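Novice: Which chain is which? The protein sequence lines are A, B, C and D, in order.
Note that the first sequence covers residues 1 to 180 in the working numbering.
Note that the second sequence covers residues 181 to 313 in the working numbering.
Note that the third sequence covers residues 314 to 727 in the working numbering.
Note that the fourth sequence covers residues 728 to 872 in the working numbering.
No lab work stands behind these hints, which were simulated from the structure alone.
Predicted, not measured: the structure shown is a model, and the values here were computed from it.
Check the hints yourself; a few may be wrong.
What the hints assert, rightly or not - Computed Cβ-Cβ distance ranges for the label pairs, DEER-style: (1) A:GLU168 with B:THR303: 35 to 41 Å; (2) B:ASN284 with A:PRO150: 24 to 30 Å; (3) C:THR597 with D:PRO806: 52 to 58 Å.
Claimed, not checked - Subject to a maximum C-alpha distance of 16 Å in a straight line, what follows is the list of computed EDC-like cross-link-like pairs (lysine to aspartate or glutamate): (4) A:LYS162 with C:ASP645; (5) A:LYS37 with C:ASP560; (6) B:LYS196 with C:GLU450; (7) A:LYS33 with C:ASP407; (8) C:LYS621 with C:GLU606; (9) B:LYS205 with D:ASP766; (10) D:LYS796 with A:GLU151; (11) C:LYS612 with B:ASP285; (12) A:LYS38 with C:ASP645; (13) C:LYS615 with B:ASP304; (14) C:LYS544 with A:ASP94; (15) C:LYS621 with C:ASP405; (16) A:LYS34 with C:ASP405; (17) D:LYS796 with D:ASP835; (18) D:LYS773 with C:ASP442; (19) C:LYS525 with C:ASP567; (20) D:LYS860 with B:ASP302; (21) A:LYS37 with C:GLU410; (22) D:LYS871 with B:ASP304; (23) A:LYS37 with C:GLU460; (24) D:LYS864 with B:ASP304; (25) D:LYS796 with A:ASP152; (26) A:LYS37 with C:GLU610; (27) A:LYS34 with C:ASP645; (28) A:LYS37 with C:GLU501; (29) D:LYS860 with B:ASP285; (30) B:LYS234 with C:GLU460; (31) B:LYS213 with D:GLU869; (32) D:LYS797 with A:GLU151; (33) B:LYS234 with C:ASP484; (34) B:LYS196 with D:ASP766.
Cβ atoms here follow ideal geometry from the backbone N, Cα and C, with glycine treated the same way.
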Amino acid sequence: MSKEIEHLDAKGLVKYFKDEFKTKVTKAEIKTKKEGKKQSEIVNIWMKIDKSIFKPFIKHLCDYQYPHLAVVSGNDFPKVIELVYHFSLDYGKDRKEISLNVAVDLPKSKPEIETICDYIPGALITEREKQEMLGVKVIGIPDNRRLFLPEDFPEDVYPWRKDDKGMEKFIRNLHDEVKK
Amino acid sequence: MGFSMLGPAFLQMFKKPWTNKFPAKYAPKNTTKYLADVGAGKAKLNPPVATPEKFRGKIVYDKEKCIGCKLCIRVCPCGAIEFKEKEKKIKIYLARCCFCSQCNDVCPVDCLSMSDEFLLADTDKYSKDLIVE
Amino acid sequence: MTDEKTTTKATYQIPIGPIHPALKEPVMFEFEISGEQIVDVDVQLGHIHRAIEWTGMRRNAIQIIYLAERICGICSFVHPMSFCRAVESACDIDVPERAHYLRVVHAELERICSHLLWAGVAAHEIGFDTVLFLTWEMREKALDLTEYLTGNRVTKAILTIGGVRRDVTADQLPKIKETLQYFKNNFEKLRHIFLDDKTFKMRSQGVGILTKEDALKLCTVGPTARASGIKKDTRVDQPYAAYGDLDMTYMTPDLLTGEVNGDVYDRIIARLLEVKQSIELIETALDQAPAGELVSEPKIPKLLAHIKKTAGEGVGRDEAPRGEVFHYVKFDGEHENPYTWKVRASTYNNILAWIPMLKGEQIADIPIVAASTDPCMSCTNRVIVIEKNNNKNYMLTKEQLHKLSVQKTRRLMR
Amino acid sequence: MAKGLTKAFKRALWAYHCNTGSCNGCDIEIVAALCPRYDVERFGIKLVGSPRHADVMLVTGPVTRQLEKKVKRVYEQMPDPKVVICVGNCGNTGDVFYESYNLVGPVDNVIPVDVHVVGCPPRPEAIINAVAKAWVKLETLEAKK
Chain A
1 MSKEIEHLDA KGLVKYFKDE FKTKVTKAEI KTKKEGKKQS EIVNIWMKID KSIFKPFIKH
61 LCDYQYPHLA VVSGNDFPKV IELVYHFSLD YGKDRKEISL NVAVDLPKSK PEIETICDYI
121 PGALITEREK QEMLGVKVIG IPDNRRLFLP EDFPEDVYPW RKDDKGMEKF IRNLHDEVKK
Chain B
181 MGFSMLGPAF LQMFKKPWTN KFPAKYAPKN TTKYLADVGA GKAKLNPPVA TPEKFRGKIV
241 YDKEKCIGCK LCIRVCPCGA IEFKEKEKKI KIYLARCCFC SQCNDVCPVD CLSMSDEFLL
301 ADTDKYSKDL IVE
Chain C
314 MTDEKTTTKA TYQIPIGPIH PALKEPVMFE FEISGEQIVD VDVQLGHIHR AIEWTGMRRN
374 AIQIIYLAER ICGICSFVHP MSFCRAVESA CDIDVPERAH YLRVVHAELE RICSHLLWAG
434 VAAHEIGFDT VLFLTWEMRE KALDLTEYLT GNRVTKAILT IGGVRRDVTA DQLPKIKETL
494 QYFKNNFEKL RHIFLDDKTF KMRSQGVGIL TKEDALKLCT VGPTARASGI KKDTRVDQPY
554 AAYGDLDMTY MTPDLLTGEV NGDVYDRIIA RLLEVKQSIE LIETALDQAP AGELVSEPKI
614 PKLLAHIKKT AGEGVGRDEA PRGEVFHYVK FDGEHENPYT WKVRASTYNN ILAWIPMLKG
674 EQIADIPIVA ASTDPCMSCT NRVIVIEKNN NKNYMLTKEQ LHKLSVQKTR RLMR
Chain D
728 MAKGLTKAFK RALWAYHCNT GSCNGCDIEI VAALCPRYDV ERFGIKLVGS PRHADVMLVT
788 GPVTRQLEKK VKRVYEQMPD PKVVICVGNC GNTGDVFYES YNLVGPVDNV IPVDVHVVGC
848 PPRPEAIINA VAKAWVKLET LEAKK
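Could you build the full structure based on these sequences and the hints that come with them?
Specialist: In structure tokens:
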């Protein structure tokens, strides 16, 4: 631990990261939703950070509080691939959990990101999945094999891509091949 | 420490079996003959466990009411419904259906409903019994 | 090791799998063993990869509900619920209060079904089939109730975006009460069998230990995490639907025994406590449920049009019987189908936890340890023993593996 | 199915359950059929752990690419005569997974199927009904001999 940080709420958390990384945090929104009679709050923080501060950001997060990584999801946009890291903080405290969603843009020409397995070993499965599904290269991943796709699956084809590396050629409609 | 399952297991011996003896208590020697007997009224099949009200079974289609709006095709998650262009009516393949009854909900004229028939098994998946039109 | 030659202890590799149920849980293990002890474990996934997320990106939101339902037949309520909640938060759709309460009722009923199913499977894995039949008899009661309320035994098809599709009417209440009473009467029996029986204690205490630190680091969820002492339950952490109005706590095993070991026994305790909690939750939810609408937008074409023109992203996190389920949805404001749909089933996070759990255990413990995270490990696993030195392959069927497990129970009973 | 058919074959059918990518719904209904409420063991039917002991193969799921060869192998390992019962609609036609890049199904695309059980998932009674259908089919084949 580099320094002690006191416990923060959603606003404080956003402020803390904005102070720390200044303009490199390009977007920070807090969305709340209320459900039930007592209107219990569901807090979601949506952040977007620059790729250059990604690793320090995760380190700061782990120093603040060891987060639970739910999953990494990815959007394939025409020019960039956006990875969204979904963390949850402050679990175990009754009704105080905060969902932190951190997005990082990777350029399509060089979709690379550093691994976070050294801080959070549980990220391995989801990082392997991103490699094969989106064609993102995870630098320093401890285990480089495929996860879900079969061994004989063609290289350089990624199911979640929406561009020419997508799956259009491989679609099979199971209904076509049955006799009417 | 003890074997706490012994008691309940012992008591179970004096209880009536819970098994629902569908369709017969034991396998008949010759099923074809047995089924013929049932048809002739000589033997009786035990009924299956009763289905509740609003059970989601085989789809019933009221062809007369249908206006051909294609809404059911739009919401069907399995592509089970086919549109017959000429007649402007639909054709449902039960072997593709996932029995979610979403088409019943969306139908503006209520021409689709769900029956409680669920014993659907056939040697041909596109046999007449398994197509509703 | 100098005496390696004299003892001739070669390490073996045992692949288990790959035919295995559930969405992303189909799995192939490769064990490296020395004698009976497991030295290393490797997990391979993906044999039952059906490309559900990819398919979902080509369907509209209503169709995806039923696709999400078939991610896992046992969690067939929680997956669509997470998806619906993700869409609701992405597209700002309100849910009527009554629907929130009914969602709780169905989710908890599913939890009872799932935990009873798990209890039976766990008993089967150690060769205690009498208990399997007993728990499945109870489970049939829960299934009957599910069928009564929703119209099908397994796939419930009760959810829709912005509410639920069917109401629980006043004339259905007596049957619900009766079934819940049945569970209450039988719960004590079940607790006594699972927690006091010598057979269970022998096979589960001190087996498959997952420390709190490991559980944190590997991001485990659900009863697996709670049995290791992590207080993590989405229903309490971030109460969704009507859970915020109901009184509940984290079900960790120390509530009953006063200590947390993180072994298989603790996972049994955590699940049993949850069954009791669920029964109480259903009762209070039904008592407190306000009257009112079921769906905020009953006209589906209108709902789809609203989704089509809304851009936004949202997450839905729900507590499934096996742990937190996570759905991420993004709409681009031009299409009916989501731009991205990401599903995280609970076992996805619990898989890595098998590695520390299984290390140092015996082959005969594989079934019960693997089953203790409730990975739908029901059937058709196949084991091949490869002897490294002479390249001989032995086929060990699931049956033989099961037999090994049963034999160990017998051995311990002597 | 007809190959090597003997008269005693259909008396006590032992089933091997092969999951090829189903959602578990059909699988638990198969197990439910074996449990006290439906108790198919009264017909002599039981689940076995190895295809080599089995007379009936219960297939669930739409057959993924990874499992195509394995399903074929399981089918070949079963001794003749054998019956294949496809349980659930995803094995019959693909059900909600009908469009995908990782499926090679439906099941009858991979191995010959004798009886299709329709339902998603079918109730245990529907599975028992399918067994009755298989008996009838076997008897018709027997009569032809």
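Novice: When the hints from earlier in the document are held up against this structure, which numbers fail?
Specialist: 2, 8, 12, 13, 22, 23, 26, 27, 28, 29
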